[in-house]
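Engineer: Take a look at the letters that make up each chain.
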Amino acid sequence: MKKKKYLYLLGDIVGIAAAFFIFIVPFIFMFMNSIKGRREANLLSIGFPDQALFENYLEVFKSNNYVVLTAFKNSFIITSCAVLLLIITCSMAGYILARRRDKMVGSLNFIILSGLMVPPAIMPTIWLMQGLHIYKTLFGMVMIEAALQIPFTIMLYRGFIATIPVEMEEAGYIDGCTKIKLFTTIIFPLLKPVTATVVILNAVTIFNDFTNPLYFLPGAKNATVQLTLYNFMGQYSSSYNLLFADVIIITVPMLILFIILNKKIVDGMVAGAVKG
Amino acid sequence: MDNKKMYSGWFLVPALTIFTLFFIVPMVVSLFFSMTVWNFTDFKFVGLDNFKMFFTEKSLNISIKNTLIYAVLTCGLKVVLGILIAVFLTSAIKTKNILRSIVFFPNLVSTIAVGITFSALMHPSKGLFNKVLENIGVPAIDWLGNIQIALFSVVGTDVWKGVGVATVIYIAGIQSIDKTFYEAASIDGANSWKQFLNITLPLCRPAMNSVIILAFIGGMRTFDLIWAMTGGGPGFATDVVASIVYKQYAAGFYGLSTAGNVVMFILIAVFAFPLQRYLLSKEVN
Amino acid sequence: MKLNKLLASVLVIILAAGGAVGCSSKSDAADPSAETSSAAEAAPAASNEEAADKKTEPKETTLSLLIDGDVSRAGFDAVAALAKEKLGITVEVEIRPGGADGDNVVKTRLASGDMADLCAYNSGSLLAALNPSEYFIDISKEDWASRLDDTFVSAVAINGATYGIPMASAQAGAILYSKSMYKELGLTVPKTWDEFIANCDAIKAAGKTAILGTFADSWTAQVLYLGDHYNVAAKDPNFAKDFEAGKTKYASSEAGLNSWKRLAATSAYYNKDSLATTYDDGCDIMANGEAGHWAMLTQSLSNIYELYGDKVNDIGVFGIPGDDPNNQGLTVWMPTAIYGNKNSDKTEDILRFMEFYISDEALNAYAGAVLPDGPYCVKGYELPDTAYDAVKNDMQAYFDAGKTVTALEFQTPVKGPNCPAISQECAAGLTSAEEAAAAYDADCLKQAVQLGLDWK
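Protein chains in written order, with my numbering: chain A, 1 to 276; chain B, 1001 to 1285; chain C, 2001 to 2456.
No wet-lab data here; the hints were simulated from the structure.
Among the hints, erroneous ones may be present.
Said to hold, decoys possible - Computed list of lysine-lysine pairs in DSS-like fashion (alpha-carbon distance at most 30 Å, straight line):
| no. | chain 1 | residue 1 | chain 2 | residue 2 |
| --- | --- | --- | --- | --- |
| 1 | C | 2272 | B | 1126 |
| 2 | A | 264 | A | 192 |
| 3 | C | 2403 | C | 2261 |
| 4 | C | 2204 | B | 1126 |
| 5 | A | 221 | C | 2342 |
| 6 | C | 2208 | B | 1131 |
| 7 | A | 4 | B | 1094 |
| 8 | C | 2208 | C | 2183 |
| 9 | A | 3 | B | 1179 |
| 10 | C | 2261 | B | 1058 |
| 11 | C | 2241 | B | 1044 |
| 12 | A | 192 | A | 4 |
| 13 | B | 1094 | A | 3 |
| 14 | C | 2392 | C | 2403 |
| 15 | C | 2249 | B | 1131 |
| 16 | C | 2403 | C | 2249 |
| 17 | C | 2392 | C | 2179 |
| 18 | A | 5 | B | 1094 |
| 19 | C | 2141 | C | 2191 |
| 20 | C | 2311 | C | 2141 |
| 21 | C | 2342 | B | 1044 |
| 22 | C | 2249 | B | 1052 |
| 23 | A | 263 | B | 1052 |
| 24 | A | 103 | B | 1282 |
| 25 | A | 263 | B | 1179 |
| 26 | C | 2183 | C | 2311 |
| 27 | B | 1052 | C | 2247 |
| 28 | B | 1058 | C | 2272 |
| 29 | C | 2247 | B | 1044 |
| 30 | C | 2235 | C | 2247 |
| 31 | A | 5 | B | 1179 |
| 32 | B | 1052 | C | 2241 |
| 33 | A | 62 | C | 2086 |
| 34 | B | 1044 | C | 2249 |
| 35 | C | 2311 | C | 2084 |
Only a predicted model underlies this, so the values are computations on that prediction, with no experimental measurement involved.
The task is simple: from the sequences and hints, build the whole structure.
Structural biologist: Okay, structure coming up:
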């Protein structure tokens, strides 16, 4: 028994050391360079700076008329609306797809899997959004982000719901519950764990999306956080220090979200992806 | 119990509306535009010429090969490393909670930021990786500049970023295994390796299938990390099908790139559907 | 069987599309429409605020400008500040990515009717690819347009209409060399390609970088090939015309293939980490005299000056040498131009700003902030005395002798989009000159098809 205890202790030590070198060192590298001067950062070393310049962070916020703040506002709106929309629509859809067994469900499953595979067609999408007068609007962007995540989100919900026993619903149905009430009062409250998973995975994907806002949401007022990286990447203004400071600034919100939801993510996965 | 009556099809409508309008409709429209020379304002119908031209693309052979290498390698590494890490992090070690968070952490950073950081770390003369190699007496490696190595450097970065999600899915799978199996096996005197082989591995098959499908399709599609790290270069050495489509799109060849998109879909479908069918059939047995 | 299944699934998709759209209006628009109203409210609220700002000072106006983040804006900013003071026009800069991503953004936004009031973009072939008559204001009828240099006008005029004004000075694609290294090794400026290679051998033998490669920014790889156009045109004056007509190819013409052969010949002389070295690194390296040559656009001189001041005068320039020692010339790039959005409702203000931008007053302000990388494209405006030696002495001599030609991209809209990658491969020694030339011809074919040219 004692031998096993030592073995686990060894595991702890090796695990922490490996995690440090593989996963933490790159972040230390980013941080160190984010507080250096432009020329020193250009040397790309991981060492401590000659002088810690925390004002780099302030400069990132100030650059280009505080575009980073606008970008944060836009990204928050897009991410929260799209995630909310995904939770509502996909939990409903996943519920039906998990419960019903007929031909329609089969073909819908096929469509969902194709949705995972097909890259979005950019020009036709813009063409369509213009027709609907929602091109270049936050609303349009929310819809695009939601549409792209729907297949994956439905998969998660469908898998999770399949593990919930049907007896409760059947009892409710016989008692005369309406279908909507059945879903909102009996099923939805049980979906908390998978919803946590849905929130974190979708929020990260949407918040970190770079290409789609570039095409579907142009304009300085519409900047999103990932696009602010361009402010520090040009040939003439390429400054690694500000670039890494910006990277850290725009990673923090997702880190906070992750810390809040961390414990629930695995629970949601248990059925969500595992039984899917 | 009337299954259809209890589970109303109307519940599907909101999700399907958004998905159809903003995804399926553009996709169907793109089938038409793939047969035109298109500059957004005007188009000229050219039949299958775009497809012919797409297949004569000089770098297409390299890119199909690269796409498959990329998908198979990232997928394989995530499947294998993910389960090893997951088993380790579901054992009785004390630090498992913090380690789980750390492994997941890279997933929170955007692809483009990861690309920038690793390009810097892989810089041939100034980068940290080569500084370390130098110190232990190994000759420097041109991570992104050597055409034999560049693709694998990007694959490594992709795995670094994505192994966390695979691990979480596996952890979920392992946790849902009934503990009594292990207790019974211990009493029978099976060692840890045997338990892993005979209990963990077969029982987290569904989790593994999820990881395989998601990682494989993701690998076939991705190009943003490649774009951020090598831009498809040196030359065309790390081009994948998606980056060729993107480059043609960026050049304003909308018809041609739309045709490329269609080809890419078919290419992915040809591999992904049979793969999924195969995995599901295994699962049932 | 498979095909049937595929067809069936496509049908399912289309039916699902039709069905879902049909139902949605009645039943379940609830949550999406809730989103609409909030987003729609937010947007007008923001624009109202701005409108209010504008009303307080009626004369003031704001023009938006979409510009590549890679373009140096110091000179432009100086003129814009003056314009605010004199014209009451504030220019709001919106940055877009450079390179292929940037082309993409510009094309997408033009096509979708969402261009800023002013658009800073390349002149020459890239402009032609934008279909400018549809999107940009024709300035050929304005009085002040006659101030523009004729060569420049040819790069921004299509079918008799003129669209842009020069944002900066003209520049050349040439070889930058380290004067101190030349002095140290006792080298002289080469007049022919063979002399150039001999110099490179001497520098390499001294254990230094003979030619600097900055291929991490792949566009820099094509400068040597593009800058060789003076030599192509010297050998075959009709090359550009025949190339556009599809009558001559790089792989099959001696003049054209020579350019690629020169590029391939340099592969032995680059720094070892050339594929990871960026343009930015390159400016540092040249300023510190750590490399002998750099095939580069002379805009880099301004960059070096911004970072290192007078060290820039340690750098000299010569045109990419050909075979004839008596005919060494310079391939010239016309500057980025500023175009006015035809579909903007501020046409008057746009034209006022454009006129002001090329006035002597504005050019003085410009030159006060950044020194030119070559002659200005405005008639009668002389280079200031403070200009870099490389521009004032080395480059001006070519202009005075009339030994300049504009780069191919200003003479024909046919430019293959993969030119940087093909050049990168060739310069890195991964492909031969013949392979690269053939690959580039195939690449250009795609552009010809898109332009509707009839290549056989």
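Engineer: Next, verify each hint and record whether it holds.
Structural biologist: Evaluated hints:
1. C:2272 / B:1126: Measuring from Cα to Cα gives roughly 13 Å; hence the hint holds.
2. A:264 / A:192: holds, 8 Å
3. C:2403 / C:2261: Given pair residue 2403 of chain C, residue 2261 of chain C holds - Cα atoms ~23 Å apart, limit 30 Å.
4. C:2204 / B:1126: Holds: residue 2204 of chain C and residue 1126 of chain B sit about 22 Å apart, inside 30 Å.
5. A:221 / C:2342: Holds: residue 221 of chain A and residue 2342 of chain C sit about 22 Å apart, inside 30 Å.
6. C:2208 / B:1131: holds, 22 Å
7. A:4 / B:1094: Between residue 4 of chain A and residue 1094 of chain B the Cα gap is close to 13 Å, so the pair holds against 30 Å.
8. C:2208 / C:2183: holds, 14 Å
9. A:3 / B:1179: holds, 23 Å
10. C:2261 / B:1058: OK: residue 2261 of chain C and residue 1058 of chain B at ~20 Å, within 30 Å.
11. C:2241 / B:1044: Within the cut-off at roughly 26 Å; holds.
12. A:192 / A:4: violated, 37 Å
13. B:1094 / A:3: The given pair, whose Cα atoms are some 16 Å apart, holds under the 30 Å limit.
14. C:2392 / C:2403: holds, 16 Å
15. C:2249 / B:1131: Violated - the C-alpha atoms of residue 1131 of chain B and residue 2249 of chain C are around 46 Å apart, more than 30 Å.
16. C:2403 / C:2249: holds, 25 Å
17. C:2392 / C:2179: holds, 15 Å
18. A:5 / B:1094: holds, 11 Å
19. C:2141 / C:2191: Violated: residue 2141 of chain C and residue 2191 of chain C sit about 44 Å apart, past 30 Å.
20. C:2311 / C:2141: violated, 44 Å
21. C:2342 / B:1044: holds, 25 Å
22. C:2249 / B:1052: holds, 21 Å
23. A:263 / B:1052: violated, 52 Å
24. A:103 / B:1282: holds, 23 Å
25. A:263 / B:1179: Between residue 263 of chain A and residue 1179 of chain B the Cα gap is close to 20 Å, so the pair holds against 30 Å.
26. C:2183 / C:2311: Within the cut-off at roughly 15 Å; holds.
27. B:1052 / C:2247: holds, 23 Å
28. B:1058 / C:2272: Within the cut-off at roughly 27 Å; holds.
29. C:2247 / B:1044: Measuring from Cα to Cα gives roughly 24 Å; hence the hint holds.
30. C:2235 / C:2247: holds, 16 Å
31. A:5 / B:1179: Holds, because 20 Å separates the two Cα atoms, which is no more than 30 Å.
32. B:1052 / C:2241: holds, 28 Å
33. A:62 / C:2086: holds, 27 Å
34. B:1044 / C:2249: Holds, at about 26 Å.
35. C:2311 / C:2084: Distance of about 34 Å is beyond 30 Å: violated.
In summary, the structure is inconsistent with hints 12, 15, 19, 20, 23 and 35 from the numbered list given earlier, while agreeing with the others.
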